[in-house]
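This is what each chain is made of:
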Amino acid sequence: MATTLVPETPDTPKIPESGERAPVFSVRDLWKVFGPKAERIPGSAEAELSAAELRARTGCTAAVREVSFDVQPGEVFVVMGLSGSGKSTLVRCLTRLIEPTSGTLKIDGEDVLAMDKTRLRDLRRHRAAMVFQHFGLLPHRSVIDNVAYGLEIQGVGKAERRAKAAEVVEKVGLTGLERRRPGQLSGGQQQRVGLARALAVDPEVLLFDEPFSALDPLIRRDMQEEVIRLHHDEGRTMVFITHDLSEALRLGDRIMLMRDGGIVQLGTPEEIVGSPADDYVRDFVRDVPREQVLTVRRAMRPATSDEQDGGPALAPGTTVADAIEAVARTGGPARVVDDGRCLGVVDHACLLSVVAGLDGKGAAAA
Amino acid sequence: MARTRMQLLMAAAGIAAVFTATGCGAADMTKQSSPYANVGGAKSVTLSVQSWVGAQANVAVAQYLLEHELGYRVDTVQVDEIPAWDALSQGRVDAILEDWGHPEQEQRYVKDKKLIVPGGGLGVTGHIGWWVPKYFADKHPDVLNWKNLNKYAKTFKTAESGGKGQLLDGSPSYVTNDKALVKNLKLNYQIVFSGSEAAQITQIKQFAKGKKPFLTYWYEPQWLFNQVPMAEVKLPKYTDKCANEGTKDPESVDCAYPTTPLQKYLNADFAKQGGKASAFLKKFHWTKEDQNEVSELIASKGMSAQDAAKEWVEAHPDVWKKWLP
Amino acid sequence: MSATATRPSTDPATDPAATGTAAAEPRPSLLSSAVRSPAARKLAVLAVIAAVLIPLAHAKWASGSWPHALTVDVSGPLGDASDWILDNRDSHWIFLYFFGHISNVIIIGVRAVYVALLALGWAGVTAGLTLIAWRVAGVRIAVTTLVSFAICGLLGMWVPTMQTLALMAIAVTASVIIGGLLGLAGGLSEWAFRVLRPVLDTMQVLPAFAYLLPVVMIFGNGVPGAVLATVIYAAPPMARLTALGLRGADAGVLEAVTSLGATWRQRLLSARLPLARKELLLGINQTIMMALSMAVIASVIGGGGLGDRVYQALSSVDVGKALAAGLPIVLLAIVMDRTIGTAGERLGEPPAEGGHRLLRGWPAWAGAAAVTAVITVVGRLTGSQTWPTGWTVAIEEPVNQFKEWMVDHLYTGVPVVGGTADWAAHYVKWILDPLREGLQGLPWYAVLLIVAALAWLIGTWATALTATAAMAAIGVLGVWEPSMDTLSQVLAAVFVTLVLGFAIGIWAARSTRLERMMRPVLDMFQTMPQFVYLIPVVALFGVGRAPAAAAAIVYALPAVIRITTQGIRNVDPAALESARSLGATQGQQLRQVQLPLARPALLLAVNQGVVLVLAVVVIGGLVGSGALGYDVLFGLAQGDLATGLVAGTAIVCLGLMLDRVTQPTERRDRKGA
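The listed protein sequences correspond, in order, to chains A, B and C.
Note that the first sequence covers residues 1 to 366 in this note's numbering.
Note that the second sequence covers residues 1001 to 1325 in this note's numbering.
Note that the third sequence covers residues 2001 to 2673 in this note's numbering.
Note that these hints are calculated values from the structure, not bench results.
Keep in mind that the hints are not guaranteed to be accurate.
SDA-like cross-link-like pairs, simulated, lysine to any residue; straight-line CA separation at most 25 angstroms [said to hold, decoys possible]:
id, chain 1, residue 1, chain 2, residue 2
1, B, Lys1111, C, Gly2419
2, B, Lys1179, C, Gly2419
3, A, Lys106, A, Arg119
4, B, Lys1139, B, Val1074
5, B, Lys1157, B, Phe1207
6, B, Lys1248, C, Asp2640
7, B, Lys1205, C, Gly2419
8, B, Lys1288, B, Asp1269
9, B, Lys1113, C, Glu2437
10, B, Lys1134, B, Ile1082
Facing chain C, according to a computed beta carbon distance under 8 angstroms, are these residues of chain A, among others [stated by the list, open to error]:
id, residue
11, Arg125
12, His134
13, Glu170
We put the beta carbon where it would ideally sit given N, CA and C, even for glycine.
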């Protein structure tokens, strides 16, 4: 899996400059505790207990504990963790499919937890649409009617919603299958229907709950590319839940790694791989081919004066793998150039130390 | 919440609609006739049939004449005697043609509630008793006295009677005091219910085929006597005193069954408004021989009831012409 | 008890139980496992209870049949209640303003349908129903429908068929609505489900006969009571399947629907109900089948129609007449079952191309309606509304002649195998009589103890308590003897059913060809109402307990065979393969792998067998099986509701007890379908 990493990682990580636009989702100290008298746990002494102790002591399970993060407009925000880490619960909390126990949760600055039923329904209908692991399609409806279902619920007229659905069906590549029933489609096709259904309501945010983990690897790859293409075309904000590290690295602008309901690390793929926050993360990313994730920005050393002008130029976002190719071809060090300014150089030694994992013990990139 | 209030309103409206549809006031069950009656403009009469063949013969002939001479459509419903009284009082059945005497029902429906009126006698006299086959009685004449029955208990033993003598009883719907009689007369007999008259007849015929002894509850008029001649066992003499006590406590009965002139009964409304049909049924009156003739055609010649009725009607115009209004 | 369980039993000297049994060679492992097994512990507890209570009971009331001192005579109060109802039926408000309206609505409804059917005439009804069958289920079913209704007419049963149809229409509509609403409540509310489920489960195992008396008591003989009894009998499967269907809906789909912002109502109408549509349709199908079954039995309380013709024929043991009325019942059952079943299978499929499109078929529907209208008019112009009188075939005579021939040739003295009457006599003499004597001879507390032990072994203490209480109730009501009689008939018939059913089921599980051959036969037998089974057995076995047993066996056999076959077929092939790889013979595979693994299915088969056999043994009262069934009939016939109700209650108790004693932990749907 680790070897199938993305060659076409976007050249410039789309980390939006903060302050320019308000975050889409703004989550602070969010808790979700299952079990008797769950509301007592957050903020109490028990909150500090480990999962096993908490269960033994109170009978409760904290699926999400004290989670805070922002999702910026236009970014692909990946939440990653093993099963049971609370990531699926978290994404359901965002539209209150699961009611959070405590904390604050805002969408475009509006308090989600304070919404009444109508307002909440409005949020689900227009602002955030979800794609599910097991598709959640209505077996008795044709593809086109499944896609149009969200619009039907909104009360859109039949002709209009059919037209809109046909448009989306084409976009996800299901043309010709409109009249089929979900049962007659392959898993990949079904998930395209699920995706089309979410897109049809033209939501502000797309939420994906492990959408491709039920698919086999080749189809999963197709679907990932589909998502990348969609994001490229439309720039829609996405929150993507996955347990697959390669998928997370491939899709995510930022990745939030969860364990036992809490955040372990939140950062760009490069930060996660390059500077694991603790041994858990380090263990997690051990098998990742670092040269395909890390960039020369991280590998470079300051240029000596004679290196300022010679050798091939590389953008700071170039992966180490690509840099190795350039360096190997010329035989000498390559310059890292941003806006015509030379930031530094990479040579055999720098690049090899990245590949070997000898870097980064303290070198933290911005 | 708004939704619940809506639902409540709708439910209330629904209930109201039902009541409007059925008429807001009282709905008297005793005035509701059969849904199948008088459909499509046809005048129809509903007759109750009891399970014994004699009763079927009455109904067959009445039905044939009502349909072919008077232009009615006749529905027949199989109802046992006592439920038939109930159905008659409710108008779900228009007439009972052969009643063997039900004083309690007569008191309630005819005298107290006046929902049922007597329709006159059928012309046939009924008698219930215990009988043994003639071939057996001829050899053992003393069996005809109940006091000697215990002597023959072993002879009448069967697989079903478990060591005692078997007293064969018939349909559950028949008037019977046999349990009390066996107990009060201290007879070493077990009553075996065959479940229906037909079953009883089958059994009797099987016994007769092998000339085997048997003791059975039976009654006249009955066509079977023509095929299997039987002799009646004398039970302690019937008295009014014993009968009156029996009405109070059925377990005290220790005397023979009475001889009953069979009666007809009509629903009160039908008797008034039934036109020609009710007039015809009131006049319906025939003899034991007539009835047996039809019964035998049905039961032993395997004719359908209507064919049997037709045959009898064609042969006896002198009898039934008098019944037509 | 835990002390007993953990006591080290390796040392026989300190183990009093072991010293007694194992003198030469101590077998500690066997003993300790026996002590540790829950079954043995349960039995031990029971043994202790019995040891304390039985001497007491014996001393106080003596053994043998249920002691008279422990009975309660309910005939007085029940008789009074029945008198009160008869006296007040035309005056008390509860009859005038409640029951009266119910009865009135039923009569109006049945009458409306009946009038409509007669107005359509035989041509219109046949054409209309054939076209409906064609629209929802295709050409083959349409042809079946056409032929079936033609046969109903030919047999001279047109009017009774229409009466039964009218009664069914109202009863099924009411059952589906009431059952559906109850199911909706149970499907949407956890609380309602918890309340409903045991009630519905129990109602499903009760014999149809038990429902007749209460409604007769209130409504009297006639159509309203018949419809009501039918609804009470037929609504539970609808409620049960609706609730199960709604609860079984794919949670993922529901979540997806919620995530799109659906309201409660949208979720219900566009997702929950459509997701449960298979179960809903199965519910409707089962409701129709049970309604037909009951509508026919309800002839005993004046339901009229085809059932009444069968009833009349049975009471004079006229097999020809019974068959002429029974055939239309069977045909109705087949037509309805196939139509709805096929419609259900089509639900999952997408609309077919060309030909007939189910969803957009309104022009076709309109066409069907037009054709029906034309045929109706033509039919009315050419002749009578009911079936033309000349067009009937009298099958009574030939059938009766055939029956006579059978009586002459098959009853007795057939070489080697003997005749049917001989079988019946042997069955009565060698199986039924000893069993009945045994049961009636057993001390009453022994019976209670056996029931408790069986129920506890297979279930929980609550099961045991219910079963024992049901059995005790029978004693208290004073119908111990007839109940033991009925019980003996049930047990004997169940025994035969299971022996035959397991044998055929195992055989069918091993031979695909046999299974394929049997499938249509089983399908047909499973759709037939209980009542019609009585007809052929009377022809074959005459009257008495043997024909009732035969009917019960034939009625219960298909379900037992089917469950057995499925159970053995569903055994994990890997387990079988590994057994084969170890060189197990066919017999060893069956004994050591298939049967043990299919145990839950076999238990279910026993449960179904018992429930179905009881239902028929009880209506066997109509053909002379005596005991409780006879008492119910007696109560109905004599208007002696005290006798009837007590017997009916005893049947209910017996049903409860038998169900609990054989109830496997997981219950599946009744009678497959």
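### Message
Going through the numbered hints above, which ones does this structure break? Give me the numbers in ascending order.
### Response
The structure breaks hints 1, 2, 4, 8, 9, 10 and 13; every other hint is satisfied.
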